[in-house]
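**Q** The hints should help you fit chain F onto chain E, whose structure is shown.
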Amino acid sequence: MIELFGVPLPALMGQLMLGLVNGSFYAMMSLGLAVIFGMLNIINFAHGALYMAGAFLAWMGMTYWEISYWWALILVPLALCVVGVIIERAFLQWLYKLDHLYGLLLTFGLALIIEGLFRDQYGVSGQPYPIPEELSGALNLGFMFLPKYRAWVIVASLLVCFATWFTIEKTRLGSYLRAATENPKLTQAFGINVPLMVMLTYGLGVALAGLAGVLAAPALQVNPLMGSNLIIAVFAVVVIGGMGSIFGSIVTGLGLGMIEGITKVFYPEISSTVVFIIMAIVLFIRPAGLFGREK
Amino acid sequence: MSAVEYLRVSDLHAFYGESHILHGMDLVVNKGECVSLLGRNGAGRTTTMRAIMGLTGRRTGSIMINGNQTINMAPHKIAQLGVGYCPEERGIYSSLSCEENLLMPPRVGSGGMSLDEIYAMFPNLYERRNSQGTRMSGGEQQMLAMARILRTGAKLLLLDEISEGLAPVIVQRLAEIIRALKEKGFTILLVEQNFRFAAPLADRMYVVEHGQVAMEIAQHELDSKREYLHEFLGV
Chain E
36 MIELFGVPLP
46 ALMGQLMLGL
56 VNGSFYAMMS
66 LGLAVIFGML
76 NIINFAHGAL
86 YMAGAFLAWM
96 GMTYWEISYW
106 WALILVPLAL
116 CVVGVIIERA
126 FLQWLYKLDH
136 LYGLLLTFGL
146 ALIIEGLFRD
156 QYGVSGQPYP
166 IPEELSGALN
176 LGFMFLPKYR
186 AWVIVASLLV
196 CFATWFTIEK
206 TRLGSYLRAA
216 TENPKLTQAF
226 GINVPLMVML
236 TYGLGVALAG
246 LAGVLAAPAL
256 QVNPLMGSNL
266 IIAVFAVVVI
276 GGMGSIFGSI
286 VTGLGLGMIE
296 GITKVFYPEI
306 SSTVVFIIMA
316 IVLFIRPAGL
326 FGREK
Chain F
1052 MSAVEYLRVS
1062 DLHAFYGESH
1072 ILHGMDLVVN
1082 KGECVSLLGR
1092 NGAGRTTTMR
1102 AIMGLTGRRT
1112 GSIMINGNQT
1122 INMAPHKIAQ
1132 LGVGYCPEER
1142 GIYSSLSCEE
1152 NLLMPPRVGS
1162 GGMSLDEIYA
1172 MFPNLYERRN
1182 SQGTRMSGGE
1192 QQMLAMARIL
1202 RTGAKLLLLD
1212 EISEGLAPVI
1222 VQRLAEIIRA
1232 LKEKGFTILL
1242 VEQNFRFAAP
1252 LADRMYVVEH
1262 GQVAMEIAQH
1272 ELDSKREYLH
1282 EFLGV
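Protein sequences appear in the order of chains E and F.
Position 150, counted from 1, in the first sequence is what the numbering used here calls 185; the numbers after and before it change by one each time, with no gaps.
Position 40, counted from 1, in the second sequence is what the numbering used here calls 1091; the numbers after and before it change by one each time, with no gaps.
Think of the hints as simulated: they come from the structure by calculation, not from any bench.
Some clues are possibly wrong.
Taking lysine-lysine pairs in the DSS-like style, the calculated list, with each CA pair at most 30 Å apart, reads [said to hold, decoys possible]:
no., chain 1, residue 1, chain 2, residue 2
1, F, K1128, E, K220
2, E, K205, F, K1128
3, F, K1235, E, K132
4, F, K1235, F, K1128
Remember, it's a predicted structure, so these values are computed and weren't measured experimentally.
This is chain E alone, in the form it adopts within the complex:
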C-alpha cells in the first residue's frame, strides 16, 4: 500500500476529504457572517442556530410532509430568508447605531431561544436524515473510495461560494452592496434604497446558513446542538480570515477544514483545538486577519 509520511494514502486522503467537507461548511457559514457584518455591522451569533434550523426544517419537511431533499435545498433557504427578514425588521434595525455588543447580545439571545425551542421539541439525540438515492454510494478513485455525498457537498458549496463572491465583486448589484457597506449614507444619497438592501442582505446571509444546514443534514446527524458545535469554530475562521472579507472567509474556511483533517491523521489529540491555535498565532502576527484590512 502506498504510504505518505508513514500514513496509508487512502487514510490520509479520506481525512483530507472529510476536512474539505467541514471546510465547505466553515466557508459557507463564515461567508454569510462576513456579508452580514459588512452591511449591518452586526456579529450574527444566531448564525449557528439558523443553520441548525435549516437542517431541522429539511428533516421536518421529509418526516411530516414528504418533501424530498432536492426540494428542501430550495424551500428551506427561502423559508429562512423570510425568517431573516422578519428578525431584521423586528429587532436588528434598531441596533445599527449602537455598539457591536448590542447586536451580539441580541443575536446570542435569539440563538438560545431558537436552540431551546428545538431542544424542547426533539431532545438532544440526533434525528437521522437519509442520503438521497442519487448521491448514495461511493466512487472508486483508485487510490481511495470517495462517498458521492461528500463530493456533492464540496462541489455544491464551492459553487455557492463562487456565485456569492462573483455577485459581490463583479456585478452591478455587488457594486451597490460594496458601496453601501463602505458609506451607507452617501450611497443612499445616490438614490439607492439602502435600508431595503440591508434587510435583504440579512435575509440572504441567513438563507446561506439554512442551505448549509440542508447540505449538512444527511452528512451529520440533525441535532439541536449542531449549530453551537459549529459556530465557535466558524467564528475562529472569521477571525483568521479577517472580519468582513468575502474572499478571505471562503479560502480560510476551506483551508482550515483541510488542516483540521490532516491534524486528525498526524496528531488527533489536538484536531479540535488546532483552529484556535492558528487563530492565536494569526492574531499575534496579523491582528486584522489574513485577508482583513487594518483600519
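**A** Relative to the frame of chain E, chain F by itself:
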C-alpha cells in the same frame, strides 16, 4: 424667459442630535441657474446641502424640489427626483475602482452624459479608470466625485467645496467644467469657501451666517457689495 423655480428652501431648521444647526434657511435656485452659498466655516452651508439630501438629523420647514415637497422623504427618494450630490469629503469608495465609482450611482433621470462624453470632459479619469478609487490624487478624486453625478441624469447638482485643497490649475479646470455644465442646462448649487472661484461662476450668491441667510447678492451687485463681502468673508 421667466425664471422657473427648481429648488425652494423655506424656513429650514436642521439638527444633529441635540445641536440646532440651521435656523430658518430660505433660498431659491431657478432652473439653469448657478447659485453659490458663501460664508465662514461653521455657518451652516454644508449642513444646508446635507439637509436638502436628507442626511442630517431632524429637519423642519419646507424643501421643494421641482415641485415636490421633500422634507419627509428618505434620501434615496430625494436623489431619485433628479438630484446629484457631490459631498465635501468627496466620498470616493475605496472598495470600488475608478470606473466602478463612476458607474455606481444609478440613473435618476433621463439624458445623463454618456461614459464617452464624461471621459472627453475628464481625460484623466479615463487613464485612471482601473485604479482603486482612493489611490488617485486629490484632484482626480474631485473630478471623479463630480463626474459620477453627471452620468445619472440628475438635473440639480449640489457641489460642496469642490475647489478645496486643490492646485490652482485644477481649480481653473473645475471652473471651466462648471461653465460647460451651465451651458448644458444643469441647475447648480455651489457651496464655496473660495470667493474668487465662486464669484465669476454664480448668477446669485447667498451669504450664510448662523444657520440663516444674511444677504442675497446678484452678479451685477458684486461691485457695489465688494466692501461688505471683504469685511464679512475676509477676502
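**Q** Each hint: holds or not?
**A** Each hint, compared with the structure:
no.	hint	in the structure
1	K1128/F - K220/E	13 Å, holds
2	K205/E - K1128/F	26 Å, holds
3	K1235/F - K132/E	41 Å, violated
4	K1235/F - K1128/F	25 Å, holds
Consistency note: the structure conflicts with earlier hint 3 alone.
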